[in-house]
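K.L.:
Fit chain B to the given chain A structure using the hints.
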Amino acid sequence: MKRSSMLRFTVKQKIQLPIILFISVLSLFMFIYFPYEHNAALRDSVGNEVASLAQMVSNGVTLGLENQDWAGMRSSIDFVRQSKDIRFVALVDENGATFSADPEDFVYDPALAENDSLIIGSYVVDTELFSGEVVVGSSTRYIEGQVRKLRATTFWAALITLVLGIFFGMAQANLIVRPLSLLRLAAIKVGHGDLDTMVERRSGDEIGDLASEFSRMITSVRLAQQNVQDANAELQTKNRLLDTERRQLARTLEHLKATQAQLVQSEKMAALGQLIAGIAHEINTPLGAIRASISNIERALEHTLMQLPELLSTLAPEAQRQFFDLVSLSLSTRLTLSAREERGLRRSLLARLEEAGFAHAEEITDALADMQLFEGWEPFEDLLRLPNVKSILQVASRLSLQQRNSQNIETAVERASKIVFALKNFSHHDASGNMSLSDITEGIDTVLTLYHNQLKHGIEVSRIFEPVPPVLCFPDELNQVWTNLIHNAIQAMNEQGHLIIEVKQAAPWIETRITDTGRGIPDEIRDKIFDPFFTTKDAGEGTGLGLDIVRRIVEKHRGEISVESVPGQTTFLVRIPLVQDSPPVSS
Amino acid sequence: MKHVFLILTICLFFCAAALPAQTVVIVNESVSTKSLSVKELLDVYTLNKSHWDDGSRITVFDLKGGKTKESFLSYLGMTEDELKRIWLRKQFTGKARPPRALTDEEEVLEAVARTPGAIGYISERTYKTTRNVRIIAKVK
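Top line first, the protein sequences correspond to chains A and B. Start counting the first sequence at -4; every next residue gets the next number (our numbering). Start counting the second sequence at 1312; every next residue gets the next number (our numbering).
Bound conformation, chain B alone:
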């Protein structure tokens, strides 16, 4: 079973690399907000916005690297270093909850599905309609 999962993951990775795919921003189903502008998304990812409009806490998930991350960052109009600096600054004060960087998009999907108030981004290919995740924005 473990081997099967590993092989499947490798296949998916190659597929994603092979095909230029769209990046989508996903949230846990508990999030009441329906859509997010780039500005709002930037606020969330620069940790300036820590709560959803309904007052629930935002949990930010991140990818450690990859094409998906690159496209996401370019969507936000920031470099990775800029974002890291912002995070450093914010994290240092202790005001914001630390974003969790994961290696695998599947992991992000599962984590978002599992965590109420969570937000993350993955390639569209990885997204499945099942489980408690929905797309809140699409990266152009």
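Pulled out of the complex, with its shape left as it was, chain A reads as follows:
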């Protein structure tokens, strides 16, 4: 809307110009039209007048010719001649030639009949004696005079109209524009923010209405501005409040984060505690075995030391040899039997001894069973048939017992050192914070070792490990993953069931599946199990951080974890990349 600058009119001009233009046109019209019209009307009336004069003369001529009333004719002509501005009266014959005229020497020329300064009127004369017409000519001087007068009058009238029109146009424009200017000034002031501006109503027309509306509008704006300011102030107050709250929230969040870290730590500690409890139990078992074995050995040794010399003195050299053979056979025998197998072997031994007619078959059977000699007793028949066989076998079994207990101690020590080794593996921590190459299956085995105590009673463990290459990882953190998953599995199965652990390579991953035959995870909570603080356990029992920690560790390795669960079969799938091509995700 770019207006030409050249044609930019103010409102005042827009009002003034048409008025002035209109009045000018009107004046000009008055000045031109009225005289013109007057002229035409005058010519018309003079024409009529002249024509009627001609008729009068024509009548006079007819009368003169027919009645010889020449005086009448003459007086009509005289009347015409005396009329104002009459220039001539002529009698023209049929051929257009002037028959006679007054003034006498005038010759009428039809070709010049009518011009601007002459008005001609004519009337037919038709008598026996003369046929033609009477022509009367009048000058237009009178008309011109009249028109000139009128022109002067209209000129002054037009001039006065013009002057008055311009004056009134300007006055009217001022009248209209002044309130508008005031409004404009007020609007500018309001535009600059002065809302105390008031516009006085000066007229009852639309501009007056506009002024009233403007005042009302300013009042509204002032009110609205006040409202806005109030609202602003309120907003600022609320903002400050919000800011304070936000800061409080930020502090709370920090606090929560610290608390969460503490919780994570305590979850780790709890897991460790459980582990340690298990391990303590695990170590306590071999220790108990060692203590019992040592006590057995002590008692057997004491017994043997007292009875052996006495026994040897009663035995023949052959019997002595058989005795030591029996003892050494016993020592060299290592059987691992279940209680039922042992009962079966014992029964068949007893039956054969009774069949062979041994006097103390039952005592012999007990003693041989103690020595784990369920077979191969035949070479020692002579010895067994000796009357003091009971004391012989007692001494022999005690010797064997010492040996067996020593073996038990050895086994227990082996077991304990295995646990200690696993513990050492488990807690292995690379302080450098860098990843190290590690075999995932070793980590799983370590965890299984530590959980042996909890697994051995009712849980069958299947290890399906394919050979996998060592991968770059944080071994101790992965151990935490296996610990948590296996711990959960044991709890899910209520310590009764089948734990299947599969490890295989599926490029670009090493996939580890830990499957339990527990109660499964309901669909509605499956999406939430990896959320922190989500737990199905009673309050205070679990922190809800176990699987969250697992997820975080797996993500730190750029791995994936997922779960599939139906009642009776829940599988956690952990994928660890075969190759770590970039630094670990910091958690």
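Just so you know, the hints here were simulated from the structure itself, not pulled from any lab data. These numbers were taken from a predicted model, which means no experiment stands behind them. For glycine and all other residues, C-beta sits at the position ideal for the given N, C-alpha and C. This list has only true hints and no planted wrong ones.
Ranges of calculated distance between the beta carbons of each label pair, as one might list FRET restraints:
1) A:K144 / B:G1388: 52 to 60 angstroms
2) A:Y31 / B:G1388: 58 to 66 angstroms
3) B:H1362 / A:A152: 53 to 61 angstroms
4) B:H1362 / A:E123: 27 to 35 angstroms
5) B:G1388 / A:Q77: 33 to 41 angstroms
P.N.:
Same frame as chain A, now just chain B:
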């Protein structure tokens, strides 16, 4: 008296009709001119001559018709229409005084007698020597 005058007039009319009478041209006694030729008479009646020789104005009287007029016109050698046209032309310009046409010769006689510088024509029978009229010409 009126009736008597009317009867007398009718009698005179019949007499004149009955008898072929001479036409005379009469003038008012004030006219100094003694005689008029045909040419001069024609000039007067064609309104070319508007004043007598002594400068007094000529007043022309005419008859509207009748034997007297016919004989007068034939004396002048003109028809009535010719004369009328001439009069029309002259009268129109306003230069000449209009001739007065009367019906009765007696009226002409009286008018001529009454008007100084007047001229008219009547039958000889109508003419009386009395009053201020004299004959200036006789139509042959």
